[in-house]
Amino acid sequence: MSRRDKAVLEIQRLVSYFLLAVFGPIIHGIYRFRFGYSAHDLRAVRSRYAQIRREHPGPILLCTNHLTLIDSIVQGVILNSLPRYLIHVSALPWNLPERKNFDKSLAWRLTCYLGRCIPVTRGASKEESRRVQEKMRYVLNRGDIISIFPEGTRSRSGRVDAQEFSYGSGQLLSMVPEATVLCVYLRGTREGGFAHFPAYGERFYVDLEVIKPTSDNSGMRRSRDYSRQIVHQLQSMEERFFASELATGQ
Amino acid sequence: MNEEQVYEKVVKVISPFCKNADALASVSRETDILQDLQVNSARLVDIMLEFEDEFDIEVEDEAADNIRTVGDAVSLIVEKTA
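Top line first, the protein sequences correspond to chains A and B. The opening residue of the first sequence carries number 1 in this note's numbering; numbering runs sequentially from there. The opening residue of the second sequence carries number 251 in this note's numbering; numbering runs sequentially from there.
This is chain A alone, in the form it adopts within the complex:
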């Protein structure tokens, strides 16, 4: 990776960290008071997440099911308290949004920059794809966290899509095999399902599970094996949710 790209990432990392003291409370306030969001067993979820991070201090791939446009933000607010983000510069995960989803508005571009986003472009040239992959590899190798949606897109059915998922999560893991794979199942318990935004007053259910995908293959076959195991894990976490009393009415 070029020195310029490294420097740009390092600057973004530090700027997002320092400005989190300003924007963090605003985002937490919007989450809590503007939209009335909350989470079940918040303390237990944060405690479990902190424990996982202590047990796996290296790079982490946060692999989350994808239902709404703000899953990354909701996940970010739930997994860590604001003080914890301010203590650990590496606590804020990097995200991989599709460029066309936020490129038209300055406000969204700024949000993405401060939210540690590495924009990706579907159908990008080989050179551009390689450059973006190098950035992902760089941030993982320095011990940071990347949040990725293994399904590749929001599930229109409202359930984990174990048929049409992409192999991006497996490719990332193939690039940095020492990364810990932390599967996160996130869903609103009141309405849940596919939507642009969760409903007002939504209360989120969060389940965390560390897995170690394996494969005897190489290349894309290995990435496919890894991705399948990650998506199937999310699927079994979803089954656990629907077997619980929290899923009543969905």
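Don't read these hints as lab results, they were simulated from the structure. Some hints could be false.
Straight line, CA to CA, 27 Å or less: simulated BS3-like cross-link-like pairs of lysine-lysine [unchecked claim]:
1. B/K259 to B/K330
2. A/K126 to B/K330
3. B/K259 to B/K269
4. A/K126 to B/K269
5. A/K100 to A/K135
6. B/K269 to A/K100
7. A/K135 to A/K104
8. A/K104 to A/K126
9. B/K262 to B/K330
Over the 10 Å line for every Cβ pair with chain B, so calculated as not near, a few chain A residues [as the list claims (entries may be wrong)]:
10. Q12
11. Y17
12. L20
13. V22
14. G24
15. F35
16. D41
17. R43
18. I52
19. I73
20. R84
21. R154
22. R190
23. G193
24. F242
Everything numeric in this text was worked out from a predicted model, so none of it was measured. Built from N, CA and C at the ideal position, the CB exists for glycine as well.
Assemble the complex: chain A is given as a structure, and chain B must be docked to it using the hints.
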């Protein structure tokens, strides 16, 4: 295996991934795999891996990136199996 046989096998491999049945019914060498057949871009990888198994070849990433149409796939496979 001649070019016509390769073409038939290529169409057979791609078929299960197509979402546009009408385009599949009138498939030709000029048919764009993603645009016309509406194959999910993530499934292109599966198609390449099936080509490897079916024709006992290795498709490098760069070669795979250059495949847009059914004819591109046929040409690549004919070249690799020659």
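Status of the hints after comparison with the structure:
1. The suggested pairing of B/K259 with B/K330 holds, with an alpha-carbon distance near 15 Å, which does not exceed 27 Å.
2. Under the criterion of a C-alpha separation no larger than 27 Å, the hint pairing A/K126 with B/K330 is consistent with the structure, at around 22 Å.
3. Distance check on the hinted pair: B/K259 and B/K269 sit about 18 Å apart at the alpha-carbon level, within 27 Å; holds.
4. Restraint check for A/K126 and B/K269: satisfied, since their Cα atoms lie roughly 26 Å apart, inside the 27 Å limit.
5. Between A/K100 and A/K135 the alpha-carbon distance is near 19 Å, which keeps this suggested pair within the 27 Å criterion.
6. With a C-alpha separation of about 24 Å, the suggested pair B/K269 and A/K100 falls inside the 27 Å cut-off, and the hint holds.
7. Simply put, A/K135 and A/K104 have alpha-carbon atoms about 23 Å apart, close enough for the 27 Å limit, and the pair holds.
8. Taking the CA atoms of A/K104 and A/K126, the gap is near 24 Å; set against the 27 Å cutoff, the hint holds.
9. For a cut-off of 27 Å, the pair hint linking B/K262 to B/K330 stands: about 19 Å separates their Cα positions.
10. Non-interface status of A/Q12 relative to chain B is upheld: no Cβ of that chain comes within 10 Å, the nearest being about 28 Å off.
11. In this structure A/Y17 is separated from chain B by more than 10 Å, as the shortest Cβ-Cβ distance comes to about 33 Å.
12. For A/L20, the requirement that its beta carbon stay farther than 10 Å from each beta carbon of chain B is met, with the minimum near 33 Å.
13. In this structure A/V22 is separated from chain B by more than 10 Å, as the shortest Cβ-Cβ distance comes to about 38 Å.
14. Annotated as non-interface, A/G24 keeps its C-beta farther than 10 Å from every C-beta of chain B; the closest such distance is 34 Å.
15. Every CB of chain B is more than 10 Å from the CB of A/F35 (nearest about 32 Å), matching its label as outside the interface.
16. Listed as outside the interface, A/D41 is consistent with that label: its C-beta sits roughly 34 Å from the nearest C-beta of chain B, beyond the 10 Å cut-off.
17. A cut-off of 10 Å between C-beta atoms confirms that A/R43 is not in contact with chain B; the least separation is 37 Å.
18. In this structure A/I52 is separated from chain B by more than 10 Å, as the shortest Cβ-Cβ distance comes to about 28 Å.
19. At roughly 25 Å from the closest C-beta of chain B, the C-beta of A/I73 stays outside 10 Å, upholding its exclusion from the interface.
20. Residue placement check: A/R84 keeps its beta carbon more than 10 Å from all beta carbons of chain B (closest about 35 Å).
21. Non-interface status of A/R154 relative to chain B is upheld: no Cβ of that chain comes within 10 Å, the nearest being about 14 Å off.
22. The Cβ of A/R190 lies farther than 10 Å from every Cβ of chain B, with a closest approach of about 31 Å, so its non-interface assignment holds.
23. With a cut of 10 Å on Cβ distances, A/G193 stays outside the contact zone with chain B, its closest approach being about 21 Å.
24. With a minimum CB-CB distance of about 25 Å to chain B, A/F242 clears the 10 Å threshold, and the non-interface call stands.
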